Every structure is written in structure tokens, then in C-alpha cells.
Amino acid sequence: MKWKISINEENCVGCRICQMICSWANGESFQPERSHIKVESKDLAENSFRIEIEQSCKGCGLCAAYCISKALVKERGRDDV
Amino acid sequence: MFKLIEIDLTEKKINLGDATFLHRDFLGGLGVNTKLLYDLIPVGADPLGPDNILIFGAGTFVGTLLPTAARTELTAKSPLSGRFGTSNSGGLWGAALKFAGYSHIVLKGKSTAPVYLIIDNDQIKIEDATHLWGLNTHETVDWFRREKGKDFQIASIGPAGEKLVRFASVQNNCHGAWGRTGMGAVMGSKNLKAIAVRGTGEIRVADRRSYAKIMTEAFKKVINHESFGYTRRYGSMVVGDPYNKIGALPGHNFTSGSFSDWVETRGRKVFEKNCKEKDLACFSCPIACTHWTKVKDGEYRGYEYKGLEVSSLLEFGAKLGIKENAEMLKCTEICNLYGMDLISASGVIAFAIEANQNGLLGKSGREVPVEWGNYQGILELLKSIGERRGIGALLAEGIKRAAGNIPGSEPYAMQIKGVEMPVRDPRGKWDVWMLGYLTNTRCGDHLRTRSPVDNVLGEVINPFEEKIAVPVELISNLDMPEDLKKEIFGDPPSKVDIPGMAKYAEDLITIINSTGLCIRPPVHRTLGAGFYARALTALTGHPYTAQEVMDVSARIWDLQHQFNLREGEEIGEYVFPDRFYNEPLPVQSGIKQPLQREVIDEVLRRYFAARGWTFGQGGNN
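These protein sequences, in sequence, are chains A and B.
Residue numbering for the first sequence is -11 to 69, as defined by the numbering used here.
Residue numbering for the second sequence is 957 to 1577, as defined by the numbering used here.
Isolated chain A (complex conformation) (with noise of 0.2 angstroms):
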């Protein structure tokens, strides 16, 4: 199953799970950079982000699996499209 993930971007609080858990299933190690999902503060205050999803995401879904904070919502299989 290949998942379609919604980003709800006021939600994020800044972790940065989603790019660790990302690099981590997807590669040999945690590497933020090389995930497939990018988090950055938006200004100085960092007290809201910007989240975008790369086009080389496989749709593993894990990056929600690990949002508590319902920032990334899986919605469907991507398969299903």
C-alpha cells in the first residue's frame, strides 16, 4: 500500500520525527537532510513550519504513523487514485 498524506501545517509543532522515522526506513541511517520530507521554521519566532513532501516519497506512510500531533495524515492508499 502506498499512502497519499495530508499536510496540515499549523498543526506541526517542530519535532522533526517525520524526517528522522523518513531516513531512517528509508535509508541506513537518521539523516534528516536526505529524507523525503522537509520541516523548516518559517521565521525567527520558529513557532510554525513549513512541510513539504518531496516527489521522490515512496508513500511509506510512517512519517504520519509517528505524527502525534496530526500534522501528516495518512488519507488513503495512494494506490487507490
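Simulated from the structure, these hints should not be mistaken for laboratory data.
Model, not experiment: these values are computed from the prediction.
Treat each hint with caution, since some may be false.
When the alpha-carbon atoms are kept at most 27 angstroms apart in a straight line, the in silico DSS-like pairs for lysine-lysine are as follows [claimed, not checked]:
#1 A:Lys58 - A:Lys(-10)
#2 B:Lys1225 - A:Lys46
#3 B:Lys1225 - A:Lys58
#4 A:Lys58 - B:Lys1201
#5 B:Lys1250 - A:Lys58
#6 B:Lys1279 - A:Lys62
#7 B:Lys1176 - A:Lys58
#8 B:Lys1106 - A:Lys26
#9 B:Lys1169 - A:Lys62
Position chain B relative to chain A; hints supplied.
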């Protein structure tokens, strides 16, 4: 696997070293900092001179996905106490350092002119910071993000660090801080304005399968723990109301243990309703216990800042008597901009207010409020301290030195071993946590002795034993050697032995601060040496045993104590200020009795015995 950067700021030399064996012997983070500090600082070195060493140590698990693995310890000889100084902070900085390829930075010597350090993966440079000197910490972060890149994480000092305020902090980006014991003054004394770090590399794990299992186990424990919901909802603010209930607030410089209007004015629900906008997290933390505030109603409607944290609440709200959450936050903001520890800043202002109430400040009294809760007066005094202006210059020296210069003010000097006493009154409730105010190696502080079974509302049997105030299953499930469990709780569990638990709690917190997890979530203190041994083994490939981890943590604590002894610590310093032995504490429900000096001494004697130290000689192990 672990590398350190050694920088001589006098010679402008940069060396890289391997820290693998240091990690093996001292766990990492705080443990490695402790060993380096002990070995590298000459005895009697001036804390604000070139011989002091400043060490940043990202915890061993930082940069991995163990929940809350974000913490970095910053260690030096403290200019406030002249003893072991150390402070801990989370955010993103430590992870950036790890992804750049390093666990520790050791800073020696002193630059002749202001400099900053920039670490961009394997590119490490010392650059001129003349143009940054004088900027506040927000301006400094802003400059780095604009000029160097928005993905740099910044540790910086503000004007307070530059002016050697003895309790200056090092700020972690804009809102975080290595707050306690004056690490910012040490950084300022070295003419080092900031360390900017960008790391994009990888962190490999020796045994992926085992580490994955341990991560899953830890995540499940954190998320399913009964504390998860309220820890996210209120963060550290959760304890404010219980402190008021038991009469343990540090109200008005420890003269009032509770306030009749506390819940309506400063209670956690008031904060939640009128201030809290959203939750925020440190790196790798699912709990997200910090908050962003946007004031909804009243005079400060629309004001936004990060917080509130319980330290600001108890220091500005209780110790100084400010009632508005937004005003407490604005005081916090000033401390962050200037780069000052808000606990020591609040403590020294409380001291000044009480000295002024008693007519001891002469003409300088015009610069200090007389009444508690005078927000404008307190705000101005914070700025004066940050700029060392007027009486601020004296208060910037900390309570102990300030009291030495104001005849008759000693009764109002609430400090232990030179460090301002934070957030709780021992007369309100005596427990493991309060014993830690006397025993912890960074002097008058509250965060190095946190019991895995603490419950603010729990009762005490006598000064040596607490009642068990957690479900008995929690004790049977504690990851702790069985013989030690019986020793501390009895068999079957019937009490908590305060001196024995204080030692265990300190050793546990030492493990947490060495491996880089966060001490705040109650669930983490239920994990013990067994868990850490498995996780360290999986990460590094070196086979740790639980016993080895316990032994190493005790050794780290001993070494910190040895450092303090070497600097002249004496047994007579293990005391609270006289107020706590002489004056009853008024609370809403009546009066709390003063501590009995000989009883506290006996508790200490038993604690020293638990540590294997000799009481009366400051310890000698």
C-alpha cells in the same frame, strides 16, 4: 564514532580529536564534560580567566530517534559559585552538532577581540564578531540566519554575557537557554559571541534491528504513559497549582508559601485559557511540552512569545509576586534578549526588594521596587542588571557577592553555595527533591535530584522517609536493581528512603543528562540503567551492562564532587539560608514549621553514607 572539536581561542587553533573512549568510560554528554573539566582546569583557576574551559557536550543519543533525544550539556567552572558549573538545553542545536559530525566542543583560552565560531559540517572557522558585540540574542540569531543561512542553529550570548554578569546564560536560538550557573559569563570572558552550527550528515547505528526495537519500546512507553496528556497540555506549568496547594511556593522571597488568589490569577487553567496558542517541541520529542503564547484578552491582548514555563511562573509570579502571565513572559523575554538566567535574575531582585523594604540600600533604593509585584520596576531592574547599570552592576554579581557588599542584608540572601535558590520552599514539603538542593553538585538548584516516584502531593512519614505516592505496580516495574529497590522502598515496598533515593535519583539524572534525553517527562525517570545499557549497546556496538551504567553514573557524580572539593568545598556549605531554620512559613492553611538543623544534618549524614563519602570532610571518595 564520536569526535570532539578542541579550540584554543588564544592561539586561534582548531584540533579534532576522537572521543570514542571518553564515551565508553563516561557515557557521553555531561559525563564526558565532567571528565574533561576535571582534567583540563588548573585548580583555583579564575572562572572568568583564560584558564577556564567551556565544554558543549551533545548527549550520546542526540541525533537519533529515541524520544526527547535533543539535550546538550554546557559545562565550565561557574563564575557564580566557583564550583562545578553546568547547564542543559534542548531545541535543535545539539542535533545540528551531531549531524555536522561532532559530539563535543572544548573551548580554551581567550580571544583578544570578539569572535564567533562557525561549524558548517567539516568546515570550522573562527571569525571576527566585532560587529555583533552588543547585539541582543534575537538580533544575533537574526544576523546569522540572514547572512549565513536559515538552517544554522545558534548558541549565543547577549549583553549580559559580554558584561560578565555572573549568571549570564548562553541562549539556544532565541528562546532556549543554557541558563544556570553563569555559562554565558564564561563565554563572554573568552570574547566568544556565538557558535553557529549547520549539520547535514548522517548518524549510523551499530545494531539497527535492536535500536529499532528500543525506539519503538520507548515511543510506546512515552505515548501511553498517564502523564503524556497533561505534560503536553500544560508542560512544566502543571506543577504550579500543586505547589500552591501544599504551600511550597517561593512567594515573596520565601516568605509566603501560597497565595489566596493563585489559581484565579496564575493558575494553569488561566494560562491555558488566556495565553496558550499552540504546543511546540524540541528535536525528536513527541511530547511537545513547550508552548507558544498569544494573549487573548486584557491589557496585553495580542502579545506573543514562547512560554510560559514553570520557572518563569514560580520566579516572576511567586518569588516576585507578579500576577499577569504576560508580564512574567515579558520579564522572560528580557532575560532571553540580554542572555541571563531568569532564576538567578529573579532571585537577586527578590533579595534587593527585601533589602530595600528593610532600608538597607541607601540612595540606590530608588532604583529598586519596595513592593512585591511591581512589574515596571522589576523590568527596569532586569535591564539594569543586563547592562550592569547603577545598582544593576552590584546585583549582576549574584546574591552572595551582593549581600557581602550590603551590610545587614544576609538574612534576605536566598542562595546555596553561591547559586540562587529556585522555585520551591523546603518548609512547604521536605522530600528527595528538596534534599537535592543541598546535595547537587551545581549548588543551589532543583533539577539534578528528581526521583522516579516523586509526587508533589505525596506525604512524608518523617524527614528520612516519604510515603509511597505512586501505584505500587510502578515501583515493581521500575528499571532498577532489585536489591537497591528493596533498600530504598523496603520489602514489600512501604516507604521511600529519602537519602538513598536522592543518590539513586542523582545517578539516574546523570545518565539522562549524559545520554541526551530529557529529564522532564515523568516516564523517563521510570527507565533505568537496563534500558540505557541496551540502547547504548545497540547504538555504539560496545557491550554495556546495567551495572556498568550505574557504576559510571556514580563515578561521574563523584568526579563533580571531587572537582568541588578540589576548589575548597566544605561540609558547612551544605545548608539552607538561615530563614529556613529560623522562620515559620505562612501558608493559606496556617503555618509550616521551620526545618530543624540537626535533623537535616542527619539526613545529609545518611546521604553521604549512601554515597560512600565521609561526612564532615565534604566527602572523600
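Enumerated hints in conflict with the structure, sorted upward: As far as the earlier hints go, 2, 4 and 6 are violated by this structure, in ascending order.
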